[in-house]
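*Asks:* Chains as they are written, first to last, in our numbering: chain G, 1 to 345; chain S, 1 to 506.
Simulated from the structure, these hints should not be mistaken for laboratory data.
The model shown is predicted, which means the values in this text are computed figures rather than measured ones.
We put the beta carbon where it would ideally sit given N, CA and C, even for glycine.
Treat the hints with care, since some could be wrong.
Here are the computed distance ranges between Cβ atoms for each label pair [what the hints assert, rightly or not]:
hint, chain 1, residue 1, chain 2, residue 2, range
1, G, Ala305, S, Met112, 56 to 62 Å
2, S, Asp278, G, Arg203, 27 to 33 Å
3, G, Val185, S, Gly318, 34 to 40 Å
4, G, Leu184, S, Lys343, 31 to 37 Å
5, G, Thr4, S, Asp231, 57 to 63 Å
6, S, Thr308, G, Leu143, 26 to 32 Å
7, S, Ala191, G, Ser315, 33 to 39 Å
8, S, Leu114, G, Leu12, 49 to 55 Å
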Amino acid sequence: MSRTREFLRRILPQLVTLAAVLGLIAAVYPGFFEVSMANGRLYGSLIDILNRGAPVALLAIGMTLVIATRGIDLSVGAIMAICGAVAAAAITSGLGLAAALGLALAAGLACGLWNGLLVVLFGIQPIVATLILMVAGRGIAQLVTEGAILTFTHEGLIFLGSGAVFGVPTPVLIWFAAGALALLVVRRTALGMLIEAVGINRRAGALAGVGAGALIVAVYMVSGLCAGMAGVIAAADIRGADANNAGLWLELDAILAVVIGGTSLLGGRFSIAASLIGAMIIQSVNTGILLSGFPPEFNLIIKAAIIIVILVLQSPRLRAGPRLRRPGGRVRGASAAEKKERVTS
Amino acid sequence: MEDREPLLRAQGVTKAFPGALALDGVDFTLRRGEVHALLGENGAGKSTLVKCLTGAYRRDGGDILLDGRPIDPRDTQAAQELGIGTVYQEVNLLENLTVAENLLLGRQPRRMGLVSPGATRAAAREMLAGYGLDIDVGRTLGSYPVAIRQVVAIARAVSLSGKVLILDEPTASLDAREVEMLFGVIEGLRARGLGIVFISHFLDQVFRICDRVTVLRNGRLVGARDTRGLDRVGLVNMMLGRELSEETRAHGRTDGPQGAPALTFRGFGRAGRIAPVDLEIRRGEVVGVAGLLGSGRTELAETIFGVTPHDSGAAEAGGSRLSLASPRAAVAAGFGFCPEDRKTDALVGDLTIRENIVLALQARRGWARPVPRREQAALAEEYIARLDIRTTDAEKPAGQLSGGNQQKVILARWLATNPRFLILDEPTRGIDVGAHAEIIRLIEELCAAGMSLLVISSELDELVSYSHRVMVLRDRAQVAALEGAGITVESIVSAIAAPEPEGAPA
Chain G
1 MSRTREFLRR ILPQLVTLAA VLGLIAAVYP GFFEVSMANG RLYGSLIDIL NRGAPVALLA
61 IGMTLVIATR GIDLSVGAIM AICGAVAAAA ITSGLGLAAA LGLALAAGLA CGLWNGLLVV
121 LFGIQPIVAT LILMVAGRGI AQLVTEGAIL TFTHEGLIFL GSGAVFGVPT PVLIWFAAGA
181 LALLVVRRTA LGMLIEAVGI NRRAGALAGV GAGALIVAVY MVSGLCAGMA GVIAAADIRG
241 ADANNAGLWL ELDAILAVVI GGTSLLGGRF SIAASLIGAM IIQSVNTGIL LSGFPPEFNL
301 IIKAAIIIVI LVLQSPRLRA GPRLRRPGGR VRGASAAEKK ERVTS
Chain S
1 MEDREPLLRA QGVTKAFPGA LALDGVDFTL RRGEVHALLG ENGAGKSTLV KCLTGAYRRD
61 GGDILLDGRP IDPRDTQAAQ ELGIGTVYQE VNLLENLTVA ENLLLGRQPR RMGLVSPGAT
121 RAAAREMLAG YGLDIDVGRT LGSYPVAIRQ VVAIARAVSL SGKVLILDEP TASLDAREVE
181 MLFGVIEGLR ARGLGIVFIS HFLDQVFRIC DRVTVLRNGR LVGARDTRGL DRVGLVNMML
241 GRELSEETRA HGRTDGPQGA PALTFRGFGR AGRIAPVDLE IRRGEVVGVA GLLGSGRTEL
301 AETIFGVTPH DSGAAEAGGS RLSLASPRAA VAAGFGFCPE DRKTDALVGD LTIRENIVLA
361 LQARRGWARP VPRREQAALA EEYIARLDIR TTDAEKPAGQ LSGGNQQKVI LARWLATNPR
421 FLILDEPTRG IDVGAHAEII RLIEELCAAG MSLLVISSEL DELVSYSHRV MVLRDRAQVA
481 ALEGAGITVE SIVSAIAAPE PEGAPA
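Full structure from sequences and hints, please.
*Replies:* Shown next as structure tokens:
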């Protein structure tokens with residue numbers, strides 16, 4: 001009961017933001033909330049947001065866990081390209097769907113393992129460790145596709161990108177299922193708490209007997225796996241693996257989703273649900289700008305402006321500011337000192 | 001003693017925080033040319049009072065008079081300008097700047113609008129004259145030991161303020177020689193007529209340097225006394241508000257358990273950390289570890305616990321060999337370890353008290369078998385009550401607790417795993433007198449319940465009072481093993497000091 005309330009209070013700011021963004025779009029574009037059914041599939045802007053947001057949502061799941069351990073994974077966009085390429089190469093060389101998916105996801109796990117080992121065994125800072133694969137990954141993907149866009153016509157694989165089950169687009173189902181599974185595993189087992197402990201104070205966690213190294217490798221592998229799923233969906237959507245452009249810059253959107261979701265880049269407390277809502281906020285902004293009819297060259301600027309507004313509104317300083325100021329005209333420095341004291345004493 | 005006109009007088013100072021009255025009408029008087037100790041358990045209100053005096057907090061009520069004139073500093077800078085300077089335990093100077101720059105930061109002598117390094121150094125040397133420091137003011141502050149930095153901080157505070165100097169636990173991280181040096185500086189300032197407020201947990205130092213003491217408890221004034229004529233028991237009773245029934249034993253405990261050892265370490269060591277030691281511990285036995293800082297005490301504990309895994313020897317329990325290759329393995333073997341540096345090595349500050357308590361238990365069970373939330377809450381409640389952890393509830397971030405309560409949370413974390421062997425590294429360092437006594441009582445309780453303990457401590461009285469045996473380390477090797485009646489403060493000191501390990505029974 002109280003855990004449900006805790007959960008709702010945690011994701012409330014993100015829900016409010018999402019509602020505000022959606023409301024804003026609806027004000028500019030009246031038909032925004034309309035959803036219709038055609039050819040056994042749901043259509044409408046909302047469905048489109050859920051569908052288009054799938055890759056970033058999937059990436060955000062893994063990224064949340066990585067960031068919770070005080071890490072970061074810059075390589076997820078490149079891993080998407082690798083896994084998309086592997087799936088396409090496997091399916092065009094005549095392997096079955098299960099084998100192609102298995103290979104693609106295994107490639108994602110292997111990439112995550114590589115990142116995790118660099119971070120844990122060699123103690124390389126996560127941002128540098130994952131930068132290596134971010135750069136090299138597209139090269140690997142190009143080797144797999146032999147430099148071309150590797151197209152395919154396998155119906156089963158394409159279904160993952162543009163099919164629908166009971167009218168709901170497959171990518172939406174996939175990210176919903178992955179999100180729900182991750183949420184369940186993390187909060188119904190002790191994994192979430194152990195990840196948070198390691199993220200807040202890795203040494204203390206290790207000294208309490210937490211297998212911190214294994215845990216960190218595992219979260220990078222989860223991130224690789226999520227990127228693998230996202231890569232397959234992205235490839236299936238365009239019916240081909242584009243080593244150069246698949247997942248390009250999506251690592252930044254994924255990090256942004258986590259930040260909007262309120263998880264600190266310094267590690268520790270995290271919320272996968274809030275990150276997923278963060279991913280949807282980003283996609284809503286993207287879709288909203290397109291719908292609103294602004295000239296496309298404004299898109300990135302408007303997106304940046306909206307995101308600045310969101311982040312400023314969510315910043316703890318802004319929220320704390322009016323509350324701490326007292327009638328006596330207290331100076332800011334003193335309130336800060338007082339706040340610090342409450343933490344340290 | 002003649003009644004000199006007070007330099008600083010606080011009357012009925014009151015400060016409330018949400019949910020707590022931190023100061024309740026406290027009076028405090030500081031005379032010229034005196035060192036005045038401000039004492040009390042953690043949470044008694046010492047820090048709050050100091051912060052009200054220095055403007056870091058705005059008081060809710062009461063008056064503060066400096067030289068008979070009411071003052072109301074808006075912030076620490078205003079207090080500094082009025083003449084009240086503060087030096088905190090963690091010296092808040094800039095380690096990457098030179099000593100001279102630190103001393104004169106913000107008011108460096110300029111020539112044609114540019115800072116003049118030569119003039120800065122000259123002014124700095126002038127400021128440090130009279131402190132008995134012979135250092136190169138052109139070197140970075142970080143290249144000097146903490147004691148020097150402390151004196152530099154004091155010099156800066158005195159030159160900025162010059163009437164009242166508040167020292168908040170200045171000696172916490174100094175060794176005995178450095179403490180003497182600092183006291184020399186303090187005595188010099190006292191002779192110059194400054195009023196000095198001295199906050200410390202070390203009663204010896206209070207009696208050594210202070211002229212008067214003011215004791216606070218639970219935000220209220222207990223009383224102010226002249227140090228001369230005050231006895232220690234009386235002072236401790238003022239601080240605790242209860243009789244401390246802690247008779248110090250003259251020698252170690254002789255009621256040690258007999259029988260086969262529960263744990264045996266043979267030739268157990270790690271190259272470069274701790275030379276191989278032999279150690280046997282029975283059930284219900286407390287083995288103390290003594291030695292100077294850097295003698296290998298913490299290294300021994302960390303090697304046993306697998307933090308830096310041993311590379312020689314072996315450990316056995318009941319005839320079977322134990323793997324101690326990592327903390328995880330040590331926890332699996334039923335070991336627990338409360339490290340010396342709670343903040344960096346043990347506490348997970350942003351997690352709740354409940355989560356901190358169940359952490360080790362959960363880690364041992366593995367992630368797939370979570371401790372049910374109801375059980376977690378029950379464990380937390382049990383240990384909060386049993387160890388008297390002062391908190392409003394178990395869902396508060398553990399980082400918000402005071403030092404002694406944090407230590408109890410870490411203890412609770414290990415007790416929850418029901419270990420057979422518990423290593424405590426300086427369990428009473430940096431915590432207040434009350435929590436101190438409780439932790440010693442707990443050590444005795446645990447040992448009576450059959451747990452084996454290895455306790456590292458710098459406080460020899462303390463070691464003598466609860467140890468059945470004491471292991472003395474020097475230069476990262478065991479130099480003596482004392483037992484029962486053979487454990488006295490003197491025998492430990494002479495073992496630490498002895499130049500040669502002469503026929504020490506191993």
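*Asks:* Next, verify each hint and record whether it holds.
*Replies:* A quick look at each hint next to the structure:
| no. | hint | in the structure |
| --- | --- | --- |
| 1 | Ala305(G) with Met112(S): 56 to 62 Å | 45 Å, violated |
| 2 | Asp278(S) with Arg203(G): 27 to 33 Å | 29 Å, holds |
| 3 | Val185(G) with Gly318(S): 34 to 40 Å | 38 Å, holds |
| 4 | Leu184(G) with Lys343(S): 31 to 37 Å | 34 Å, holds |
| 5 | Thr4(G) with Asp231(S): 57 to 63 Å | 58 Å, holds |
| 6 | Thr308(S) with Leu143(G): 26 to 32 Å | 43 Å, violated |
| 7 | Ala191(S) with Ser315(G): 33 to 39 Å | 51 Å, violated |
| 8 | Leu114(S) with Leu12(G): 49 to 55 Å | 54 Å, holds |
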